[in-house]
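Q: Residue numbers (our numbering), protein chains in the order written: chain D, 6 to 121; chain W, 79 to 189.
Quick caveat, the hints were computed from the structure, so don't treat them as lab data. Careful, some of the hints might be misleading.
Stated by the list, open to error - Simulated DEER-style distance windows between Cβ atoms:
no.	chain 1	residue 1	chain 2	residue 2	range
1	W	R185	D	Q88	25 to 33 Å
2	W	L161	D	T35	22 to 30 Å
3	W	E137	D	P45	37 to 45 Å
4	W	D149	D	V89	37 to 45 Å
Since this is a predicted model, take the numbers as computed values, not measurements. All C-beta atoms, glycine included, are put in the ideal place defined by N, C-alpha and C.
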Amino acid sequence: AQKVTQAQTEISVVEKEDVTLDCVYETRDTTYYLFWYKQPPSGELVFLIRRNSFDEQNEISGRYSWNFQKSTSSFNFTITASQVVDSAVYFCALSPRGTSGSRLTFGEGTQLTVNP
Amino acid sequence: SQTIHQWPATLVQPVGSPLSLECTVEGTSNPNLYWYRQAAGRGLQLLFYSIGIDQISSEVPQNLSASRPQDRQFILSSKKLLLSDSGFYLCAWTFGATEAFFGQGTRLTVV
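Let the hints inform the model, and build the full structure from the sequences given.
A: Given below as C-alpha cells:
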C-alpha cells in the first residue's frame with residue numbers, strides 16, 4: 006500500500022519569507038513517481054513537478070525548488086521569497102511507475118497562506 | 079494542445095436522486111482517464127480509472143459507477159445519491175504513466 010504524509014496542515018508566512026512544505030511517502034514499489042500540485046481557491050489542480058524515483062537530483066524552477074531524498078523517503082518543496090499569489094493548498098502525490106496509468110495517492114495537503 | 083472539460087461546475091441534488099457528471103478530453107487520443115473525489119478539507123481519493131473504452135477499474139467500493147462510452151469521454155454516475163457523496167469531483171487525464179492534468183472540478187452538494 007502507498008501512503009503520503011504532509012504533516013503540516015496549515016502554514017502562514019509573511020510575504021518574502023522562504024517556506025518549506027514537507028512530504029514523506031511510503032511505498033513498496035522500487036520505481037515510482039512523485040508529484041507536487043497546487044490547488045488555488047478556484048479548485049483546479051495545477052501540476053508543478055514530477056520526479057522519477059531513480060533521479061535524486063534537486064530541481065529549481067524560478068522561486069520553486071524541490072529536495073528529493075530517497076534515503077528518508079521525503080520530497081520537500083521550498084518556495085523562496087514567497088508572494089501573496091502563492092497562497093493555495095499544496096498536495097504531494099505518489100504514483101507507481103508502470104504502464105497502467107498514473108494512479109495518484111495524495112497527501113492531505115498543506116494550506117499555505119502568504120500575508121502581505 | 080490538450081484540454082479537459084468537466085461539467086457542471088456546481089450541483090445541488092437531493093438525497094436519492096440520480097447523478098451524471100461528464101468529462102471530455104480534447105487534443106489527444108487514447109488517454110487514461112480518472113475520477114477523483116475531494117472531501118471538504120481533505121486530500122484527493124482516486125475513485126475510478128480507465129485505460130480504454132469500456133475498461134473501468136474501481137479503486138473504492140461505493141455508491142458510484144463510471145463509464146467510458148467513447149475514447150475521450152468519461153462519465154461518473156449514481157442511481158441514488160447519499161449525503162456522503164457530497165464533495166468536489168475532479169476528472170483527470172494522462173498519457174501513459176505521466177503527470178495527470180485535471181479538469182476544473184464539480185462541487186456536488188447532496189441535500
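Q: For every hint, state whether the structure bears it out.
A: Cross-check of the supplied hints:
| no. | hint | verdict |
| --- | --- | --- |
| 1 | R185/W x Q88/D: 25 to 33 Å | holds, 27 Å |
| 2 | L161/W x T35/D: 22 to 30 Å | violated, 41 Å |
| 3 | E137/W x P45/D: 37 to 45 Å | violated, 26 Å |
| 4 | D149/W x V89/D: 37 to 45 Å | holds, 41 Å |
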